[in-house]
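Build the full structure now, drawing on both the sequences and the hints.
For the sequence shown, my numbering begins at 1 and goes up steadily by one.
Derived EDC-like pairs (lysine to aspartate or glutamate); straight-line CA-CA distance at most 16 Å:
{"hint": "1", "residue 1": "K182", "residue 2": "D219"}
{"hint": "2", "residue 1": "K496", "residue 2": "E483"}
{"hint": "3", "residue 1": "K66", "residue 2": "E107"}
{"hint": "4", "residue 1": "K247", "residue 2": "E218"}
{"hint": "5", "residue 1": "K59", "residue 2": "E82"}
Derived CB-CB ranges, DEER-like:
{"hint": "6", "residue 1": "K272", "residue 2": "G204", "range": "18 to 28 Å"}
{"hint": "7", "residue 1": "E186", "residue 2": "G344", "range": "50 to 60 Å"}
{"hint": "8", "residue 1": "R140", "residue 2": "S108", "range": "43 to 53 Å"}
{"hint": "9", "residue 1": "G204", "residue 2": "S108", "range": "48 to 58 Å"}
{"hint": "10", "residue 1": "E365", "residue 2": "L285", "range": "29 to 39 Å"}
{"hint": "11", "residue 1": "E365", "residue 2": "R140", "range": "31 to 41 Å"}
{"hint": "12", "residue 1": "R140", "residue 2": "G344", "range": "21 to 31 Å"}
{"hint": "13", "residue 1": "L386", "residue 2": "R346", "range": "46 to 56 Å"}
{"hint": "14", "residue 1": "H49", "residue 2": "L29", "range": "22 to 32 Å"}
{"hint": "15", "residue 1": "G344", "residue 2": "G204", "range": "18 to 28 Å"}
Hints in this document: simulated from the structure, not taken from any laboratory.
The C-beta atom is built at its ideal place from N, Cα and C for all residues, glycine as well.
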Amino acid sequence: MAAPLQAELPLEGERVFSVTEINEQARDLVEEAFRRVRVQGEISGYLHHSSGHRYFTLKDERSSIKCAFFSGRARGLKLKLENGQQVICVGTLSIYTARGEFQLVVESVEMGGLGMLFQKLEALKKKMQAEGLFDEGRKRPLPAFPRKVGVVTSPEGAAIRDILKILRRRAPQIAVLIYPVKVQGEGAAAEIAAGIRWMGANSGCDLIVAGRGGGSIEDLWAFNEEIVARAIADCPLPVISAVGHEKDWLLTDLVADVRAPTPSGAAEILAKSREEIGERIAKLLVQMSSSLSRTVSARRERLFALKDRPGFRRVLSSMSQLIQRVESLRVSSHDAVRRKVEQGRRRLAAERVALERSSPRAILERRVQLVRSFLSRLPLLVSKTLDARRQRAGELRTVLMARAPVTAIAQRRERVGHQGKLLAGAMMAVLEERRTRLLRAQLVLDALGPLKVLERGYSICFREGRRGVVKDASTVATDERLEIQLHVGSIEVVVKPGT
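Next up, the structure:
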């Protein structure tokens, strides 16, 4: 069993508000936080009071808010308010304290969403109509047999696919030049206008198609922009406007030379099929032949009616000749017309063949065939070229090997090695000879040297410090120090006076 609810008693000293007080304080807080706001929504429950005050609810998909538009502010309003209208209300958020209702006290109202756009569009239409841009007299006829058509549209949309499909089936001789643009969103109008201007100045086309597939009015709005309409009006080439569906009428439809209900409709206008042209020629030929036959028959009947009258019998023969001549002329003219038609057909067929040969597809096919032929011959050509280059490289390698520094260095190194061996042998022989002579000289020196004499018991007497050899006793002074060199060692002596 659930526990019983217990009401919390207010704390001692805690303030208790009245309903009016709490509503007034909430109103002050809201008005302080939202002094001036802009709110967009749809009007519902609209009430225009006899006092001049206006009350309504502003709503969107999920919420709504009460609005009070008092007479002092509403008196200068030029816009007629009604239920279902999209508007932007400017005012202050507040609370109606008597009922505690959250409301917007409105100061001004303006059109919102598409309403404002349509208002501006109507003003632009009046301006351009006053300039004469919608006049039928300024619109140019389309060329009967265009050779090249420029299309300003999205390259990824259904519109260009439909146009190309119809032209490919019904008029393959028509070349198509596409200027890719955005067709909705920010910057779309500027791109479309730039594409029309470029096509008119540089494309070499016979006419231009500007358009896109269907969508909401917001999606199509770029074709309601003044910059696009002005570009079409200033274009030196005829322009077909092909935007949306048949029910969609846009500013470009009013300015363009021709309005097509859809992009496919624009292609149908351009693509007079070969069958249609042949049928038209045949129909004209039948009409001309029939008219000529009726004229000749009428003249013949008149002549036969006059032949029995007095004065005409004498010229009957002449008239018969004239009739024969007329008949001959009819036949010859019929033959001449037939020949002209046949010549026209042959010329048309030749033109069609020439157009097909000069069409981008034919040119592309010829280029593809050339590329395929080249690719088929490329391996053989590469093989022959490589073989020739290999043979030439072998010849050059042989010549280079004969003249290469490495070969010359090896030859010189071999010669240097041989010369080095010869030089080493000669040096060894010279050294051996010098060694032999040196040994002989050494033996002679040893035999004649003083040391050999000392070995036999002789000695050498030197003055002190070995400053000289004493050869004569009379040259020695008393007390002079002398050094006597023996075979082994030496002796220092002092000279004493002799007896």
